[in-house]
Structure formats: structure tokens, C-alpha cells
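Asks: Sequence:
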Amino acid sequence: MRFILVAAKQLAFAKTRLASAIAEPDRRVLAEAMFRDVLAASMASRRAERVAVVTSDPMLLSLAREAGAITIDEEYPRGLNAAVSLATDALAEAGASELCTVLSDCPMVTARDIDEAFDKLHSGRGVVLVPSRDFSGTNIIARSPASVIQTLFGRMSLAKHLEECKKASVPCEIIRQNGPALDLDLLADLLEFVRVAGPSNTLNELARLGLASN
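Take 75 as the starting number for the sequence shown in our numbering and just add one per residue.
A few of these clues could be false.
[What the hints assert, rightly or not] What follows is a set of in silico ranges between Cβ atoms, one per label pair, in the way DEER data are often shown:
#1 D259 with A141: 39 to 47 Å
#2 L283 with A141: 33 to 41 Å
#3 G153 with P245: 23 to 31 Å
#4 G284 with A166: 42 to 50 Å
#5 D147 with H196: 15 to 23 Å
#6 E237 with M75: 23 to 31 Å
#7 D100 with R120: 31 to 39 Å
#8 S197 with L236: 18 to 26 Å
#9 E123 with V268: 28 to 36 Å
#10 A95 with S171: 36 to 44 Å
#11 A164 with E140: 16 to 24 Å
#12 R120 with T145: 20 to 28 Å
#13 V270 with D193: 22 to 30 Å
#14 I249 with P219: 16 to 24 Å
In short, the hints are calculated from the structure, not lab data. Beta carbons: idealized from backbone N, C-alpha and C, even for Gly.
Please work from the sequences and hints to get the whole structure.
Replies: Pasting the structure below:
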């Protein structure tokens with residue numbers, strides 16, 4: 075079975091690199107808006123049978139349940155890779171043979187982007203990586219089997235994932251996708267998002283903050 079996993083930080087700890095530009099309460103609302111957009115794209119996938127969310131945030135878990143997603147409560151902020159590992163084990167036990175993990179701060183991702191990642195995945199054993207704009211990070215990773223390699227999100231994660239695939243002799247493909255490549259970490263990212271994005275929860279929130287016109 076094909077599963078999508080949306081990985082989200084607790085809202086209180088999300089988007090801290092925007093602290094100099096956006097106040098903490100507004101950062102929470104912005105992170106929630108991004109999560110809503112990523113969850114909607116995931117739920118619209120035609121290639122996945124199920125969608126799951128891993129987070130310790132009660133609000134995001136509630137939104138996921140309302141959307142019909144599987145919820146995996148990590149109980150406390152364990153760090154992104156530990157949370158994904160926890161969820162990967164749970165979903166593998168639930169029958170996930172292919173798992174596409176999407177980060178919740180990439181609100182331009184579409185169902186088509188996710189489906190392409192599944193389509194590029196080698197049947198039986200393989201990894202597909204969708205890098206960040208600067209080609210250093212990883213914003214989407216699809217794995218078959220679900221735990222064929224561990225995730226290593228964070229600084230220089232693309233190179234780390236490639237090295238993991240090499241060590242495990244796992245076929246790996248990198249695909250460039252303009253939407254998922256734009257994760258919103260810095261003010262410059264927000265301004266670029268406003269320039270290129272279509273209607274979305276995230277764009278509405280940026281408009282409320284005065285960073286985009288309605």
C-alpha cells in the first residue's frame with residue numbers, strides 16, 4: 075500500500091527563523107496555514123491509499139483527523155527524524171509498502187507532485203528525493219520499502235540521503251519540482267512565495283500579515 079506521511083513540528087516551535095520578521099502568535103497561524111495546504115494536497119493524491127500525519131501538536135492532530143488522515147501523536151517534540159522514524163515503523167506495521175514523506179512547510183506542493191514521486195519510485199526497492207531550491211535540503215522523500223533507509227532531514231540532507239542510498243545499495247532518483255522546492259524558512263522565501271503562488275491558505279495568511287495583496 076502507498077502511504078503519504080506529512081511531518082509537522084509543534085506550532086509553538088515552527089518557523090523560528092522568521093522570528094525577526096513575524097511575531098510568535100502570527101508564526102503559529104502561518105505554520106498552521108502551511109500545514110493545511112500540504113494536507114489538502116496530500117489528501118488529493120490519486121496514487122496513495124492513505125495519508126498520515128505525525129506531530130505532537132494537538133491542533134494539527136485535530137485538523138488531520140477531521141480530514142480523514144491517520145494521526146500519529148509523537149507525544150512531545152522528538153525532532154523531525156525521530157518523529158518520522160516513529161511514524162515509519164507504525165505505518166509499516168499498518169501495511170505501508172511505499173511511503174512518501176512530505177514536510178509541512180512546503181505549501182506549494184501539489185497532489186501531482188506527490189504522485190510523480192510515487193511514479194518515479196523503483197518497485198520493490200528504491201528512493202526518490204525532491205530537493206530544496208538550493209539543492210542542499212530534502213523536502214520530499216519517497217521510499218520503498220517504507221524503511222529502506224532512515225531519513226536525515228536537516229542541514230545538507232540531500233547529500234546525506236544520497237550517501238545512505240549508496241551505502242545500502244538502494245536505487246535513488248532525484249527529481250526537481252518547483253513547488254515543493256520552496257520551503258518557507260526566511261523572509262525572502264515568503265516574498266518569493268507571494269510572487270509565484272496561487273490561491274491558498276498560506277497566501278491568505280501572508281495577506282493578513284501585510285506581506286501579500288489579496
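Asks: For G284 and A166, compare the CB-CB distance with the range 42 to 50 Å and indicate the outcome.
Replies: holds (44 Å)
Asks: Within 16 to 24 Å: is that where the Cβ-Cβ distance between I249 and P219 falls?
Replies: holds (20 Å)
Asks: Can you let me know if the beta-carbon spacing of E123 and V268 is within 28 to 36 Å?
Replies: Cβ of E123 to Cβ of V268: about 35 Å, so the range 28 to 36 Å holds.
Asks: Just to be sure I understand the hint, the distance between the Cβ atoms of L283 and A141 should be within 33 to 41 Å; is that true here?
Replies: Given about 25 Å between the Cβ atoms, the range is violated.
Asks: Within 22 to 30 Å or not, the Cβ separation of V270 and D193?
Replies: holds (24 Å)
Asks: Given a hinted range of 31 to 39 Å, is it respected by the beta-carbon distance of D100 and R120?
Replies: Since D100 and R120 have Cβ atoms about 35 Å apart, the given range 31 to 39 Å holds.
Asks: Using the beta carbons of R120 and T145, state whether their distance is inside 20 to 28 Å or not.
Replies: Holds - the Cβ-Cβ distance for R120 and T145, about 22 Å, lies within 20 to 28 Å.
Asks: Against the range 18 to 26 Å, how does the distance between the Cβ atoms of S197 and L236 compare: consistent or not?
Replies: Distance hint for S197, L236 holds at roughly 21 Å.
Asks: Is 15 to 23 Å respected by the C-beta to C-beta distance linking D147 and H196?
Replies: violated (32 Å)
Asks: Does the beta carbon distance between A164 and E140 stay inside 16 to 24 Å, or does it fall outside?
Replies: holds (20 Å)
Asks: Given a hinted range of 23 to 31 Å, is it respected by the beta-carbon distance of G153 and P245?
Replies: The hinted range 23 to 31 Å holds for G153 and P245, with Cβ atoms some 28 Å apart.
Asks: Just tell me: holds or violated, for the beta carbon distance of D259 and A141 against 39 to 47 Å?
Replies: violated (25 Å)
Checked against the numbered hints above, the structure breaks hints 1, 2, 5 and satisfies the rest.
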